[in-house]
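A.B. asks: Read off the chains here:
There are 2 protein chains.
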Amino acid sequence: MSQVIQRLRKLLREEELEGFIHYQTNKAREFVTLRYLSGVGGLEDSGILIPTDDDPVLFVKDFEGGRARYSSFIKDVRVAKTIPIDNALKFLASLIEEKGLKHKKIGIDDSELTVEIYSRLKRLDITPVAFGEEIRKLRMVKTREELKNIRKAVNITENAILKINDMLGSGMTESELAAEASFTMEKFGAEKSFVHVQYESNASVPHHVSDSTVVKGDGLLVIDIGARVEGYTRDITRTLEVGKIDEKRRRIKDTVKSSLDASLTMVRHGMPVSAVARAARDVIRQKNLPEPQHRIGHGIGLSVHEAPIIETEFEYKLQEGMVLAIEPGIYIPGKTGCRIESNVVVKREGYERLDANT
Amino acid sequence: MSQVIQRLRKLLREEELEGFIHYQTNKAREFVTLRYLSGVGGLEDSGILIPTDDDPVLFVKDFEGGRARYSSFIKDVRVAKTIPIDNALKFLASLIEEKGLKHKKIGIDDSELTVEIYSRLKRLDITPVAFGEEIRKLRMVKTREELKNIRKAVNITENAILKINDMLGSGMTESELAAEASFTMEKFGAEKSFVHVQYESNASVPHHVSDSTVVKGDGLLVIDIGARVEGYTRDITRTLEVGKIDEKRRRIKDTVKSSLDASLTMVRHGMPVSAVARAARDVIRQKNLPEPQHRIGHGIGLSVHEAPIIETEFEYKLQEGMVLAIEPGIYIPGKTGCRIESNVVVKREGYERLDANT
Chain A
18 MSQVIQRLRK
28 LLREEELEGF
38 IHYQTNKARE
48 FVTLRYLSGV
58 GGLEDSGILI
68 PTDDDPVLFV
78 KDFEGGRARY
88 SSFIKDVRVA
98 KTIPIDNALK
108 FLASLIEEKG
118 LKHKKIGIDD
128 SELTVEIYSR
138 LKRLDITPVA
148 FGEEIRKLRM
158 VKTREELKNI
168 RKAVNITENA
178 ILKINDMLGS
188 GMTESELAAE
198 ASFTMEKFGA
208 EKSFVHVQYE
218 SNASVPHHVS
228 DSTVVKGDGL
238 LVIDIGARVE
248 GYTRDITRTL
258 EVGKIDEKRR
268 RIKDTVKSSL
278 DASLTMVRHG
288 MPVSAVARAA
298 RDVIRQKNLP
308 EPQHRIGHGI
318 GLSVHEAPII
328 ETEFEYKLQE
338 GMVLAIEPGI
348 YIPGKTGCRI
358 ESNVVVKREG
368 YERLDANT
Chain B
18 MSQVIQRLRK
28 LLREEELEGF
38 IHYQTNKARE
48 FVTLRYLSGV
58 GGLEDSGILI
68 PTDDDPVLFV
78 KDFEGGRARY
88 SSFIKDVRVA
98 KTIPIDNALK
108 FLASLIEEKG
118 LKHKKIGIDD
128 SELTVEIYSR
138 LKRLDITPVA
148 FGEEIRKLRM
158 VKTREELKNI
168 RKAVNITENA
178 ILKINDMLGS
188 GMTESELAAE
198 ASFTMEKFGA
208 EKSFVHVQYE
218 SNASVPHHVS
228 DSTVVKGDGL
238 LVIDIGARVE
248 GYTRDITRTL
258 EVGKIDEKRR
268 RIKDTVKSSL
278 DASLTMVRHG
288 MPVSAVARAA
298 RDVIRQKNLP
308 EPQHRIGHGI
318 GLSVHEAPII
328 ETEFEYKLQE
338 GMVLAIEPGI
348 YIPGKTGCRI
358 ESNVVVKREG
368 YERLDANT
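These protein sequence lines map, in sequence, to chains A and B.
Numbering-wise, the first sequence is residues 18 to 375 according to the working numbering.
Numbering-wise, the second sequence is residues 18 to 375 according to the working numbering.
I should point out that these hints are in silico values taken from the structure, not numbers from a laboratory.
Relax, there's no trap hidden among the hints.
As the list makes no split between identical chains, a pair holds if one copy fits it or if it spans any two.
Derived pair list, reagent style DSS-like, types lysine-lysine, alpha-carbon separation capped at 30 Å:
id, residue 1, residue 2
1, 352, 204
2, 98, 274
3, 121, 139
4, 92, 121
5, 169, 270
6, 119, 107
7, 119, 98
8, 92, 119
9, 169, 204
10, 92, 352
11, 139, 107
12, 122, 139
13, 304, 98
14, 204, 180
15, 364, 27
16, 352, 98
Every value quoted in this text rests on a predicted model; they were computed, and no experiment measured them.
Required output: the full structure, derived from the provided sequences and hints.
C.D. replies: Have a look at this one:
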């Protein structure tokens, strides 16, 4: 039995629920709950029923049966007619009957389930109970299998960054460099999750989309990149130096490095996330440089951005097994920008850094 | 005023609703309603309020303000504190007050809105009304702006296919060919939406993920590929010939071609989708070859698969301005597979084929 399902069941029992139901339409193929609970990505018009005390059933639409049986850790995979939606609900009704769950309280992931499905679920003889917050908590602490996938993506992402570094000064555009980085990741068998390559003034706008700006002269190049392995992403940012950077840019980059180091020093089981964010912000403020408007960090896993959010206003505590992206940055509007982002696993007495310390 | 918003308002009036509200969390960044109604992709923790008879407001989280103002056709873009969710709802409550929408009936896209948001929306002083089916219908018929983006992706996708064709016989693997195709699309400035490269027995499993299979010898190579421009995808499949294919494979490929041609002949305004699917299936059945288990076609736009579904069991009618992917295929389990997919715009008297007839 998968560790994920075991842990879900423990939570269901604690909440005195008799099971968990989820269903996603084709619109939700980028949602992650069904992938998390089945081990199969990109299932459209498919769902799952996990009784608290009986075998789980994964049901998928027509031609996905083979792929689902091959890759799921759920043993009972069934092919069902799920289009239009009312057919899927009819199938679910029969499963509820089969598993003896009529008139029972059943958890749902209200953070992913759409109103369209929910309103139909309510017409079946069950009592749906919001369980999204529990799933969110479950996902924060990674299983061994999840950690394996996250680690696999490490070398691939870092290889792509090295490749970009080798190409600096060749007069390529941001888009061309981004394409080279994606190509490197795909050749190594990973999916690209995202690649942002931003030079100088473009680097002063977080989430700027790589464009036809030629990367030449002297300045800072921010590359924010993630490979995806079995759905699990890494999220790493480096700030590379193009040509010879001036003292102002050197000071910015050194400060971001110190800011990252300071926040990593705070990472350990039981530490409130506010302390990690404060350590990063303090370093930047003390140098009289502008603090980032964005959050200092976040969890990574099946989503690029997931719980916990690392910011000064939140007091919840880090737990062993969480995987975090910490990403302090300094942005000088219209001029330049610098961000360095590292991925770490929270340990009882500190952390394990997954990317190289560069 | 954007054509999309104009059309939405017309529908709202018809349903006697006073406005439309939508909100998406970071989990829903691949959802499309907010992009459709704002023109801005990938907004996390952001939402929109469109009064039926007043100016729409797009509200986005912290550092997305600049990007949203630059790319949205909504003029009133506001930056709001939206994390945690209750802050977003507080902001929305003030907007509802400002626009005089308290105690009014407001449409929601129940096919995208999650239960988590919905349950909080209900606590504001409005009556949410399911409006997802109407949005789905709205999205089926493309605006001029949407068609422009879909057309832009044409050359890029076809260039990538030509590139793969040139590389056949070089002993590359499926994954390597897929990476080359993605690289070509990105270099031309499009995002990759997806690339599947499947050779021979792998081609007999639709949605097989490209792997380390070496493409050599004689056989059929299916390449199913889509570039994305401003969020809009194309979905094209070609079956390329590696080496010298035998008579059986020739017959399969010729039949799929005839099947596609037969179904295209049926495409025009007012034709039921069942007729288009039946024309494709009849050709395959008449040759005593196995009919595909998957649907014959679907709409494309912001989603790779969207309404209408083209299948024999559905009787709804094609409308001028719909953009369809028609994709008959023949799969011989464990042996080989062939699929050819074309993208067409439905016209009053027929169709316009967007990809080359190859």
